[in-house]
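Based on the sequences and whatever the hints tell you, model everything.
Chains as they are written, first to last, in the working numbering: chain H, 1 to 113; chain D, 1 to 113.
Do not take every clue at face value.
[What the hints assert, rightly or not] Straight-line Cα separation of at most 20 Å, SDA-like style, residue types lysine to any residue; simulated pairs:
#  : chain 1 : residue 1 : chain 2 : residue 2
1  : D       : K57       : H       : R95
2  : H       : K108      : D       : K11
3  : H       : K38       : D       : V89
4  : H       : K108      : D       : G42
5  : H       : K38       : D       : S38
6  : H       : K71       : D       : I26
7  : H       : K38       : D       : A2
8  : H       : K5        : D       : G42
9  : H       : K38       : D       : I26
10 : H       : K38       : D       : S7
11 : H       : K38       : D       : D106
12 : D       : K11       : H       : K5
[Claimed, not checked] Simulated coverage check for chain H against chain D, where a stretch passes if three residues somewhere in it have a Cβ under 8 Å from a Cβ of chain D:
#  : segment
13 : 17 to 28
14 : 71 to 77
[As the list claims (entries may be wrong)] Label pairs and their calculated CB-CB ranges:
#  : chain 1 : residue 1 : chain 2 : residue 2 : range
15 : H       : S52       : D       : S38       : 43 to 49 Å
16 : D       : S73       : H       : Q100      : 30 to 36 Å
17 : D       : G28       : H       : H72       : 32 to 38 Å
18 : D       : R81       : H       : E15       : 48 to 54 Å
19 : H       : K56       : D       : E20       : 42 to 48 Å
20 : H       : E58       : D       : N10       : 37 to 43 Å
21 : H       : S51       : D       : R81       : 39 to 45 Å
22 : H       : I53       : D       : S73       : 46 to 52 Å
23 : D       : L113      : H       : H72       : 41 to 47 Å
Since the hints were made in silico from the structure, they are not lab data. Don't be surprised by glycine CBs; every beta carbon is placed ideally from N, CA and C.
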Amino acid sequence: DQQVKQNSPSLSVQEGRISILNCDYTNSMFDYFLWYKKYPAEGPTFLISISSIKDKNEDGRFTVFLNKSAKHLSLHIVPSQPGDSAVYFCAASSRPSNYQLIWGAGTKLIIKP
Amino acid sequence: GAGVSQSPSNKVTEKGKDVELRCDPISGHTALYWYRQSLGQGLEFLIYFQGNSAPDKSGLPSDRFSAERTGGSVSTLTIQRTQQEDSAVYLCASSPGLRQPQHFGDGTRLSIL
Numbered sequence: 001d002q003q004v005k006q007n008s009p010s011l012s013v014q015e016g017r018i019s020i021l022n023c024d025y026t027n028s029m030f031d032y033f034l035w036y037k038k039y040p041a042e043g044p045t046f047l048i049s050i051s052s053i054k055d056k057n058e059d060g061r062f063t064v065f066l067n068k069s070a071k072h073l074s075l076h077i078v079p080s081q082p083g084d085s086a087v088y089f090c091a092a093s094s095r096p097s098n099y100q101l102i103w104g105a106g107t108k109l110i111i112k113p
Numbered sequence: 001g002a003g004v005s006q007s008p009s010n011k012v013t014e015k016g017k018d019v020e021l022r023c024d025p026i027s028g029h030t031a032l033y034w035y036r037q038s039l040g041q042g043l044e045f046l047i048y049f050q051g052n053s054a055p056d057k058s059g060l061p062s063d064r065f066s067a068e069r070t071g072g073s074v075s076t077l078t079i080q081r082t083q084q085e086d087s088a089v090y091l092c093a094s095s096p097g098l099r100q101p102q103h104f105g106d107g108t109r110l111s112i113l
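Listed below in structure tokens is the structure:
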């Protein structure tokens, strides 16, 4: 029973274009969402988060959108750069277990030169 | 370095042996987490420590798994009588507190022969 789903195992995008990574969730109690980026043989690195009281959060080239009615969030990266090639994970948590993150399986993003 | 440090980075052992994995969190971070990532999967929560509170062990898969955190800092994850299904990357993370992004170490890749 996967509560957080990333349905695309991989995504290939041309350098300079927009990358859109998607994540769906089933638990309506989730109220805090995060995106992490992971390079091979390294731990995940925090990118951006969003609380359920918002529908958008932006940080530089990264924007996360949250659609609560659809239980869907997405990460937009624009413009995409070669260094963005990595595996991207979305994760979610809910009160009272604020700390227990539930993770998607990840999407491998490949930026083509 | 100022990041989360895990050791060893790789561990190969025979089925039935005990293993100990170590995590040094970021100084001042009160929360510490252990996760497990199997090939092609998202991160699976194992255990959470917060300050001097009793740890949340709800994610530990069996009683062969245990963890402790000494002096509110370094943590050790112990797996007794290892099985082949224990083969995975074990990741440790720390955060300044609840609802704060978790910072990860590079993990220990455990292989059970």
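Original post:
Which earlier hints turn out false for this structure, listed by number in ascending order?
Top reply: Of the numbered hints, 2, 6, 12, 13, 14, 15, 16, 22 do not hold.
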